[in-house]
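Following the hints, put chain B in place on chain A, whose structure we already have.
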Amino acid sequence: MKQLIAILVDGSVYASWLFIISAGLTLIYGVMRILNMSHGSFYALGAYSGAAMVGWYFSTGSVPWFSFVALIGAALVAGITVGLLVERGLLRFMYGRDEVVMILVTYAVLLIMEDAIKLIWGVEPYFAYQPYTMLGRTKFAGLSFANYDFMLIGVSILIGLALWYGLNRTRNGKLLRVVIHDREIAGALGINVSRIFTITFLIGAGIGALAGALTAPGLSVVPGMGIEVIVLAFAVVVIGGLGSISGALVGALIVGMARATAVHLYPEVELFVIYAVMGLVLAFRPQGLFAVANARKI
Amino acid sequence: MKHSLLTAATVACAMTTGGLSLSAHAADDYKLGLVTFLSGAASGPFGIPAKNAADLVIEAINDGTLPAPIQGKGIDGRQITPVYVDEAGGATKQTSEFRNLVERDGVDAVVGYISSGDCLAIPAVAEELKKLTVLFDCGTPRVFEEADYKYVFRTHSTASMDNIAAAHYVNDNVPELESVAGINQNYSWGHDSWRDFTETLKVLRDGDIEITTEQFPKLFAGQYGAEISALQVNSADVIHTSFWGGDTDAFVLQAAARGLLADNQVIFTAGETALNSLGEHLPDGAIIGARGPFGPFAPDSELNTWFQTEFTERFGTPPTFPAYHMAHALIGLKLAQDKAGVGASTEEVITAFEGLEFEGPGGKVEMSRGKGHQAATEMVYGRLERVDGEITFTDIVRYPADCVNPPEGTETVEWIQAGMPGAECN
Numbered sequence: 001m002k003q004l005i006a007i008l009v010d011g012s013v014y015a016s017w018l019f020i021i022s023a024g025l026t027l028i029y030g031v032m033r034i035l036n037m038s039h040g041s042f043y044a045l046g047a048y049s050g051a052a053m054v055g056w057y058f059s060t061g062s063v064p065w066f067s068f069v070a071l072i073g074a075a076l077v078a079g080i081t082v083g084l085l086v087e088r089g090l091l092r093f094m095y096g097r098d099e100v101v102m103i104l105v106t107y108a109v110l111l112i113m114e115d116a117i118k119l120i121w122g123v124e125p126y127f128a129y130q131p132y133t134m135l136g137r138t139k140f141a142g143l144s145f146a147n148y149d150f151m152l153i154g155v156s157i158l159i160g161l162a163l164w165y166g167l168n169r170t171r172n173g174k175l176l177r178v179v180i181h182d183r184e185i186a187g188a189l190g191i192n193v194s195r196i197f198t199i200t201f202l203i204g205a206g207i208g209a210l211a212g213a214l215t216a217p218g219l220s221v222v223p224g225m226g227i228e229v230i231v232l233a234f235a236v237v238v239i240g241g242l243g244s245i246s247g248a249l250v251g252a253l254i255v256g257m258a259r260a261t262a263v264h265l266y267p268e269v270e271l272f273v274i275y276a277v278m279g280l281v282l283a284f285r286p287q288g289l290f291a292v293a294n295a296r297k298i
Numbered sequence: 001m002k003h004s005l006l007t008a009a010t011v012a013c014a015m016t017t018g019g020l021s022l023s024a025h026a027a028d029d030y031k032l033g034l035v036t037f038l039s040g041a042a043s044g045p046f047g048i049p050a051k052n053a054a055d056l057v058i059e060a061i062n063d064g065t066l067p068a069p070i071q072g073k074g075i076d077g078r079q080i081t082p083v084y085v086d087e088a089g090g091a092t093k094q095t096s097e098f099r100n101l102v103e104r105d106g107v108d109a110v111v112g113y114i115s116s117g118d119c120l121a122i123p124a125v126a127e128e129l130k131k132l133t134v135l136f137d138c139g140t141p142r143v144f145e146e147a148d149y150k151y152v153f154r155t156h157s158t159a160s161m162d163n164i165a166a167a168h169y170v171n172d173n174v175p176e177l178e179s180v181a182g183i184n185q186n187y188s189w190g191h192d193s194w195r196d197f198t199e200t201l202k203v204l205r206d207g208d209i210e211i212t213t214e215q216f217p218k219l220f221a222g223q224y225g226a227e228i229s230a231l232q233v234n235s236a237d238v239i240h241t242s243f244w245g246g247d248t249d250a251f252v253l254q255a256a257a258r259g260l261l262a263d264n265q266v267i268f269t270a271g272e273t274a275l276n277s278l279g280e281h282l283p284d285g286a287i288i289g290a291r292g293p294f295g296p297f298a299p300d301s302e303l304n305t306w307f308q309t310e311f312t313e314r315f316g317t318p319p320t321f322p323a324y325h326m327a328h329a330l331i332g333l334k335l336a337q338d339k340a341g342v343g344a345s346t347e348e349v350i351t352a353f354e355g356l357e358f359e360g361p362g363g364k365v366e367m368s369r370g371k372g373h374q375a376a377t378e379m380v381y382g383r384l385e386r387v388d389g390e391i392t393f394t395d396i397v398r399y400p401a402d403c404v405n406p407p408e409g410t411e412t413v414e415w416i417q418a419g420m421p422g423a424e425c426n
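As you go down the protein sequences, you meet chains A and B in turn. The first sequence begins at 1 in the numbering used here and counts up by one. The second sequence begins at 1 in the numbering used here and counts up by one.
Isolated chain A (complex conformation) (with noise of 0.2 Å):
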């Protein structure tokens, strides 16, 4: 029973923080047709610039639980600018092209990036541990878990409503999902698509540099992590199907529940069973779970 109850807390809270991670990265796919390797830097800018100002703000002695804003707002601001830049400084130079070349020049921007940051930040460590200890823990059936933990669901919960609602509910998510449907009507339609466009990407690079801020109290900040995350959260989006919210939610809980299973039952497959579970899904669901098919248009 304890062992369970683990394996569903973990698997839960992993599931969050990787939907958190995948959701920007599966909006801009399904929107723009942009399969953005970049992903993983807004990831690194999120937590770097949070774990900056989350730094500069207890050395000014202030209320520790704003450090939450400053945490979420530094990660935000910094996301959103830098993603501005990106999409009207280079991608909308770039639309229409094949997605191979797209692949190649958000890679060419990741490059870029980490350098970047590691011109502004340096290699040393960065560390907001504060937000991630002040909310204490929580003790259950013999096992003690963090409540920042907790908070990782309800804001992946949040997200997955906020996006669930902002798509199906109001008009400029309608709006968006005629370009999802397809670009050139929606264009025809007097929709303005690269409107659209540019929106989805702030809202996706937002995302990825939220789900950094989100991340750094719980680790040092250090060169190369917006790498390290790119890689699952494309198995996550692959599972669910490229596009798909609802999909790297399923994706998320189908990986996040594997690894947790395997960390307690078969520890020397943890690595393995993310990318077998991967490996099955395509296997029978090449497009992925939640994706559907589309015969190309010639």
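Hints may be right or wrong, so weigh each one.
[To be verified] Derived EDC-like pairs: lysine to aspartate or glutamate, alpha-carbon spacing no greater than 20 Å straight-line:
#1 B/Lys-150 x B/Glu-128
#2 B/Lys-218 x A/Glu-268
#3 A/Lys-139 x B/Asp-263
What the hints contain is simulated information worked out from the structure, not anything from laboratory work. Since we're looking at a predicted model, the values are computed, not measured.
This is chain B only, laid out in the frame that chain A set:
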């Protein structure tokens, strides 16, 4: 004919001036290739402290200001000019970079390599190019256990020493020890560390030790929630971890927040690098290692006082074990060259280096393994204890080199499983 003569004269002039230039250059400086992580996740905790140590020690060697017993300015009567190379990129890239250092930059020697993968790949190239190379930080015992090298040296002990000593320490210092659990990175470093630790414990306790769980998360995983739960569910008397760098930081933060470190006895074989940044999260009683007699475990000597003071003043943080490893490599190289004499050939320096014994800031280094090419040093563990808020250590135990390093000509695992014959622990 006139044209040919002109060409020949031009070529001769070029060769002469080039040759003079090269000779003058060789007389001016000792070009030293320095390879360490300048980017990537290993740069912050390892690569940069090592580079800082290199800058500090090279400057002192050039100025002749290193404390006694090290004397004289420069190496081979020449000032050292470092040529830095980033170790990031993997073994294939590093072998190319090594060739560039030797063939393009014309370095006199190379000091480098933190990654065990790089340390396994480089020696073959060093032998091929006949270039004196000192491995400064990597831990794999395979380098000199699987092959003999003429041009390659390593001036610190292998990682086996860390874990053999760790097993001795918990066996002697944890009362009523019955079970252990492990969390180590899922690559050769983590697996070898855990194997050496548990195999040694089995020998020391005649097999009377229970392993409750073995966790091997991916290198740089960053998220250890499930592993921490598994360690709570499968409770053990001692938790062993050889995590390093950012992984240590993340594990300490997450485990401390969940009470794992307060409720369990944890031994961090390479935990010293986390002391400066996250010491406040480590509870009293945590067992800490520094991969040798380094940092808080370094001996009280003039050389160490100089190293700690200068390093801390210049870089704002005390030197950790990668910095000590770099200092030892540079001092070992200088002393070997000094012993061989000014103008000595590479072969003469190698002969002087083989079996060399010297004092570094981290104490005595004996090049007594691997046919005189592999160092053996003592290993130290201690328990963290706060005194007036300051981190200090208690229950410090020093294990002699011949207690925790396999004798010459033996492989680590075979030696441990044979009952560690010849180990001199008293």
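Cross-check of the supplied hints:
1. For the hint linking B/Lys-150 to B/Glu-128, the alpha-carbon distance of about 10 Å falls within 20 Å, and the restraint holds.
2. Of the pairs offered as hints, the one joining B/Lys-218 and A/Glu-268 holds, with about 11 Å between alpha carbons and a cut-off of 20 Å not exceeded.
3. With a C-alpha separation of about 13 Å, the suggested pair A/Lys-139 and B/Asp-263 falls inside the 20 Å cut-off, and the hint holds.
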